[in-house]
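Read top to bottom, the protein sequences are chains A and B. Numbering-wise (our numbering), the first sequence opens with residue 1 and increments by one. Numbering-wise (our numbering), the second sequence opens with residue 352 and increments by one.
If you're looking for bench data, these hints aren't it; they were derived computationally from the structure. There could be a bad hint or two in this list.
As the list claims (entries may be wrong) - Example chain A residues on the side facing chain B (calculated, C-beta under 8 Å, incomplete): (1) V30; (2) S33; (3) V70.
Here a beta-carbon is modelled for each residue, glycine too, at the ideal position from N, C-alpha and C.
Chain by chain, the residues run as shown.
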Amino acid sequence: MMDVEPDLTRAMKTFRRVPKYGHAVGRVMVHESTLLNRQRMERLLEFPFEESLAVLMETEYGRYLEGAKVASDVEEGLLEFLRDQYGLLDDICKGTFVPRFMRLKYDFHNLKVLLKRRYTDGAVEDLFSGLGSIDVHRMKESFEASHAGDLPPEWEKLMLTLKEALQPGGNPQEVDSTVDRLFLEERLAVAKRERSRFLVDFSRACIDVANLKIILRGRMLEKEKGYYDAALASGGRLDRRELIQLALDTQERLTARLLATRYGRMLEDVLKTDSEEAGLTSLDRGFEEYLLEKLSGMKRMALGPERIIRYIITRENEVALLRITLMGKLHGLAPRVIQERLSPAFLKGVV
Amino acid sequence: MLAAVQVSKEITQAATWGGLTGFQWAIFGAATAFIGGGMGSAIGITYVSNVASGILVEDPDKFGSMLPLLAIPGTQGIYGLITAILVTIFFNLSELSGFSGLLVFFACLPVAFVCCVSAIYQGLTAASAAGMVARRTEELGKAMVLPALVETYAVFSLILTIYLFTRIPK
């Protein structure tokens, strides 16, 4: 994909996108007006649980949280709300790859739960997410048979890779890293199928961010080349082979090379700090902010799939904020303690 | 020198230019102006309608506020129509020389091209502005300003075309 498209090509793409996504964007525009604003979020933080629920009764969440008294009611209500949001997404984006792009993370979450079940033999039924595009039972059957079966054709390759990773004596942590890698690569493939330049860029940025985290953590734990081979995803802007070489190289060369990349600014603190833990915490925050910055870039793409995706991601963030806030209140935590638990990056995402 | 003036006079007064009569050139210009404006308006309205239909599915009460935004890219089609009619009013087509007919054709081009392109972009701008109205109906006034700015250039093109008509020898 070219970095800079000729103006005419870009303009033609815009003209083609409007008839394809215009209706969906129109519907999303109305739903955007119901997102919780900062004032409402701050009010929620201040009030006790019952009053917070009363505040939420005036919003889209009212119907879902009505009569909620215990944690499971809140959890169920918020999940139901998200299910309906994804239902809206399926409805407005029929015939596009947008719902698949968004639901993919839940499919891979379910796949990880299946892996967990295999390794721990524990009860994991509660951990499955109902937001994936693939039915959990179908996935279970295919997973147990180690082939794609009824799953979409692109899962055949994924299942084969997993089968190789799941050889007896394999390390569960490495299998987990392989699943993460497969997720990032598959999401990039879906973005390419959707032919959205922004989604491709966003997926690539996510791959780079994940790869950099793996390298920095891997060096801390003194991992071998095999670990990087299994965990590093391809398709990012930073070349995978070069990253593997760098991961095994001296600290000076690694620092010099990474600082010269587009991620240099956010890596500066991490690479120059003496405390590894403090460095990794600031790294997580830096990456979160970087990805949110990318998401806020979607605001400018007024009439494409980006606006729809941004809406769904903002809703997911909102639900995460509400879950932490309401659960905190149910457990009697002070507003200040709850606020500390809310990621500042998440709060920034609130409109 | 005299011969050159004579040749120039013969060219401007010849009944045909490039194989077409003045009447044919003028009609060609009028049709081009309308096709450009009409096509642009149709595409522009389609864009804003796509978005507006989505908004109206969720909130049918917004129909009244959406209507001006839906209609605004349609004005370029009207400018094309006005230009086409003005060609027949300004000029006596049956007596128009080939050269004057050619000038009429060129004078119609600003409306044909500027209206076509501006209507398409106005449709995109109006579709974005519809988002403002979807969020707050009272923002309609501000939302209308954005596509209205695009309209300015369509109006300028119509003014230029009419001015050029007045300068063409009849």
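Hint check against the structure, violated hint numbers in rising order: 3
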